[in-house]
Amino acid sequence: MSMSLQNIDKIVGREIHLKDIHLEFETGSRNVILGRTMAGKTSLLRIMAGLDRPSKGRILINGRDVTGVSVRKRSVAMVYQLFINYPSLTVYQNIASPLKITGVKKTEIDRRVRETAEMLHIEDLLDRLPAELSGGQQQRIAIARALIKNADLLLMDEPLVNLDYKLREELRNELHGIFSQRQAIVVYTTTEPTEALMLGGNIVVIDEGRVLQTGPTPQVYHNPETLRVAEVFSDPPINYLKGTVQGDTARLGQDIEIPLDGHLKSLPAGNYTFGVRCNHLFLSRIDKEDAEIQTKVELSEISGSETFIHVVYGDSQLVVQEDGIHPRQIGSEISIYVNPCCFFVYDGEKTLVASPSRISIQERLK
Amino acid sequence: MARIELNEIVHSYHRNPKGESDYALKRIHNVWEEGGAYALLGPSGCGKTTLLNIVSGLLTPTRGRVLYDGKDVTELPPEKRNIAQVFQFPVLYDTMTVFDNLAFPLRNRGVEKEETTRRVLEVAEILELTPFLKKRAAGLAADAKQKISLGRGLVRSDVAAILFDEPLTVIDPQMKWHLRRKLKEIHEQLKLTLIYVTHDQVEAMTFADQVAVMFEGEIVQVGSPEDLFENPEHRFVGYFIGSPGMNFLECTIEGNVARVDGAGIVLDDETAAKGRKAKGKLELGIRPTHLEVHDEALDGRAQATVKTVEDLGSYKIVTLVLAHKTLRATLPEEKPVPEGEVWLAFPPKWTRLFADGWLIG
Amino acid sequence: MEKWSNNKAWFLVLPVFVVVAFSAIIPLMTVINYSFQDIFGPGQSIFVGTEWFKEMLANERLHDALWRQFLFSGLVLLIEMPLGILIALAMPKRGWGVSASLVTIALPLLIPWNTIGTIWIIFTRPDIGLFGAGMNNLLGIPFDHTARWLDAWITVMLMEVWHWTPLVALLAYAGLRAIPEVYYQAAKIDGASAWSTFFYIQLPKMRGVLTIAFLLRFMDSFLIYAEPFVLTGGGPGNSTTFLSIYLVKIALLQFDLGPGGAFSLIYFVIVLLFSFIFYQALQRVGKGEKV
Chain A
1 MSMSLQNIDK
11 IVGREIHLKD
21 IHLEFETGSR
31 NVILGRTMAG
41 KTSLLRIMAG
51 LDRPSKGRIL
61 INGRDVTGVS
71 VRKRSVAMVY
81 QLFINYPSLT
91 VYQNIASPLK
101 ITGVKKTEID
111 RRVRETAEML
121 HIEDLLDRLP
131 AELSGGQQQR
141 IAIARALIKN
151 ADLLLMDEPL
161 VNLDYKLREE
171 LRNELHGIFS
181 QRQAIVVYTT
191 TEPTEALMLG
201 GNIVVIDEGR
211 VLQTGPTPQV
221 YHNPETLRVA
231 EVFSDPPINY
241 LKGTVQGDTA
251 RLGQDIEIPL
261 DGHLKSLPAG
271 NYTFGVRCNH
281 LFLSRIDKED
291 AEIQTKVELS
301 EISGSETFIH
311 VVYGDSQLVV
321 QEDGIHPRQI
331 GSEISIYVNP
341 CCFFVYDGEK
351 TLVASPSRIS
361 IQERLK
Chain B
1 MARIELNEIV
11 HSYHRNPKGE
21 SDYALKRIHN
31 VWEEGGAYAL
41 LGPSGCGKTT
51 LLNIVSGLLT
61 PTRGRVLYDG
71 KDVTELPPEK
81 RNIAQVFQFP
91 VLYDTMTVFD
101 NLAFPLRNRG
111 VEKEETTRRV
121 LEVAEILELT
131 PFLKKRAAGL
141 AADAKQKISL
151 GRGLVRSDVA
161 AILFDEPLTV
171 IDPQMKWHLR
181 RKLKEIHEQL
191 KLTLIYVTHD
201 QVEAMTFADQ
211 VAVMFEGEIV
221 QVGSPEDLFE
231 NPEHRFVGYF
241 IGSPGMNFLE
251 CTIEGNVARV
261 DGAGIVLDDE
271 TAAKGRKAKG
281 KLELGIRPTH
291 LEVHDEALDG
301 RAQATVKTVE
311 DLGSYKIVTL
321 VLAHKTLRAT
331 LPEEKPVPEG
341 EVWLAFPPKW
351 TRLFADGWLI
361 G
Chain C
1 MEKWSNNKAW
11 FLVLPVFVVV
21 AFSAIIPLMT
31 VINYSFQDIF
41 GPGQSIFVGT
51 EWFKEMLANE
61 RLHDALWRQF
71 LFSGLVLLIE
81 MPLGILIALA
91 MPKRGWGVSA
101 SLVTIALPLL
111 IPWNTIGTIW
121 IIFTRPDIGL
131 FGAGMNNLLG
141 IPFDHTARWL
151 DAWITVMLME
161 VWHWTPLVAL
171 LAYAGLRAIP
181 EVYYQAAKID
191 GASAWSTFFY
201 IQLPKMRGVL
211 TIAFLLRFMD
221 SFLIYAEPFV
231 LTGGGPGNST
241 TFLSIYLVKI
251 ALLQFDLGPG
261 GAFSLIYFVI
271 VLLFSFIFYQ
281 ALQRVGKGEK
291 V
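Protein chains in written order, with the working numbering: chain A, 1 to 366; chain B, 1 to 361; chain C, 1 to 291.
It is possible that some hints are incorrect.
[To be verified] Restraint-style ranges between C-beta atoms, simulated for each label pair:
1) Tyr225/C x Ser70/A: 40 to 48 Å
2) Leu107/C x Glu115/B: 50 to 58 Å
3) Leu89/C x Glu115/A: 48 to 56 Å
4) Leu203/C x Gln189/B: 45 to 53 Å
5) Leu51/A x Gly233/C: 54 to 62 Å
In case anyone wonders, no lab produced these hints; they're calculated from the structure.
Built from N, CA and C at the ideal position, the CB exists for glycine as well.
Extracted from the complex, chain A is given alone in its bound form (with noise of 0.2 Å):
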């Protein structure tokens, strides 16, 4: 099955929830929507549940207009960020409801009811009310009964968003496992970039009910078009720094000159921001190419097996991030090195126009 938006606008009153819409989604793809929240995403989903009309513009499903069906005509299932279940049925009542309304038969229901309680780890659970369980137990069983109805399209709007991080991590491995074996189209909104790159499969980047990017995860977090699309997809914050480019040399804040090679040649003169993730900061000089930035701690944070040290360079903040634990001293002037090789440029429109090169940057930290 294939999904296609295209030219959607959602615009309530006078406030615009979605503009100018056009996505494109595949058979037994998975879909991440990321975006901060109010940016649209429920928005978005509602919609292509066939929950909301768009404004403007049209849905496809396989090259047919369903832009005005309603839901229940729609091969969708969806699960929501609240453990919504039927307070008075039993676990595997629950579960099986989408099934009776189907009129399937009662021992197929049966099967599938304890297939799919045993793949989210509820079988022994069938029998309690939703109420007596937790809230992890609780989404499993609203999973449960989004995934046993097979539909050709899986909606999820932020499932894991109330749930303890350990479970969150878990029950994230175990989609992980249960969309791979599916042929429906999933689409999964978060506000986490973690999550988004754990969950793999293509991202859509949205900001302010417009899409700022779409493609494979991976290869929109290692090119993030715009400023924005930086920021949102970036977890820790990206660091970023003005320059102006002159000839052969850009000018970054007040003193850091560095050379123009590699990705940065042929750079037009002119205004720039220079982005450079947390981790291709380093505490001490690598390479001889590297350029130092004269800095003061402002905040050491230790998570476990890094350290992320807080500093400040004229008027900009900056994020770097350290294996190991080394506390720091606040107040105390240290100095960072990095790589050119690391920058993402982005000129006066913020539009990405140079971006680190893979290889070099695994050439550079081996």
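Start from chain A and add chains B and C according to the hints.
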């Protein structure tokens, strides 16, 4: 600032608790020194919110005492204990402006107008809320609202401690960094006692100087983030901290080697000795960051098969199968993606041994 | 037009349409028709245009009834809203007391309206009524709602408050129960007094239900008929002749269908207008709550 002591706290929500499972808190005995940043970390249902409410006075424990600077406050309600609490959802007085929201606790205590205004402006400055002071609190974004909740605690200059109950739940990931940084700055500046409850180990580890890990109503380990990461005293701590959590493999000890279904992993002498003496189910534990993946077979390395590789931008997670058990290893960005058969090295420095769930070496 | 995909449903709804047409729309049309006619007898009428409207709007007695009505509704709202809220605040939050108090409070709402009028007539009779006799004999205060207008008003007000405050209380109670516990916890920690907690947390969060309660009580009290009519018949004199009582007098007792029709429409417009104004005003109080 206050030194907070929890003496033999036991709590049950049932009137006549019968078994262990009726107790929300089984036995909590802990001291939090003045001016420190502490975290209570644990999964849902472990009792951390119950414990926080006992510390703040919203709940009276079934047994045990709470002491602030040596004084017994167990029976005192929250307003008499002089603490502030920031909740999961921004709790504001919708009809008031930001200024009035921040001034509210001071006005209730009869602080005079000039002093109130001074404190409010000071706190607004620290929290970067100054441009919003005249606006109605209800119209702001979630992170601003949480800052206001925090601000209501900060305005009270004599506040004993500020308690946080999963305060970043409704905040966007990018804003979380900003707010965490703010909290740390405030802590550095004002040196207040801060207690932070969360289920997110990244939040706990980055925020706190000392983390108490809770599980099923008990504190399992208290230590610095480093300690918890490198030397988890209990299997649960190994599993809960670190993303992904620690790998565990059941094993038996033969001499200096731990045997996992045929594969042999060399341990250091000390650990091996302890392992030989120990009783109970033995498990090998190693964190994914410490597990080394090589493409050459060498002595002391165990063979495994690569199942999947996830690329997370700055690092990769490799899922491996060793003797029918699933393991995870993290690889830095630049390492090439391994395939098929690989050889795993378990550096003795980072390989831990657990007997019946408790760390022995 | 895609939402109309299930046409069968409309046939099921048809009987409702028919019934509503007969019981509401056609009579309404009739009233509008009458309001423009002078009716002498069955089948004999002349078109008089807006004459009835002009006459009614200039009618002195109508003005009196209108002011009485406003006074009445005003007093009703002034007493019932705070009283209902107080009762809701006093009701228990948990345990068996909840159902017990809900049932007790709701009892007055279950009694047929003219029965209420009858109850209060007897209750306040100076000879056999508990209240009436009590006032006259035990306390020595002369009380007779058939004789003095003040006593009549007091009785009508007591009856009305007794009858309808429970509705406000129930709505307010529902609103209170919807407030998450964390707000009270935060208020405690902030050292807020009971009054502050009420004014800054409970009242704003009850805005929705209180708006509904306010509008319902306004509309109902403005249209009130059965209870005061049974109780006082509009007397003594005109003192408790409210708008609807006056309307019935004109239309049915005097058989002035034309003026009656015109007046009905004016009545309708007044209620609609004030409801609209109140609603807008209540929405504005506490504006900016939407994020």
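- Item | Structure versus earlier hints - violations, ascending order | Number 4 only.
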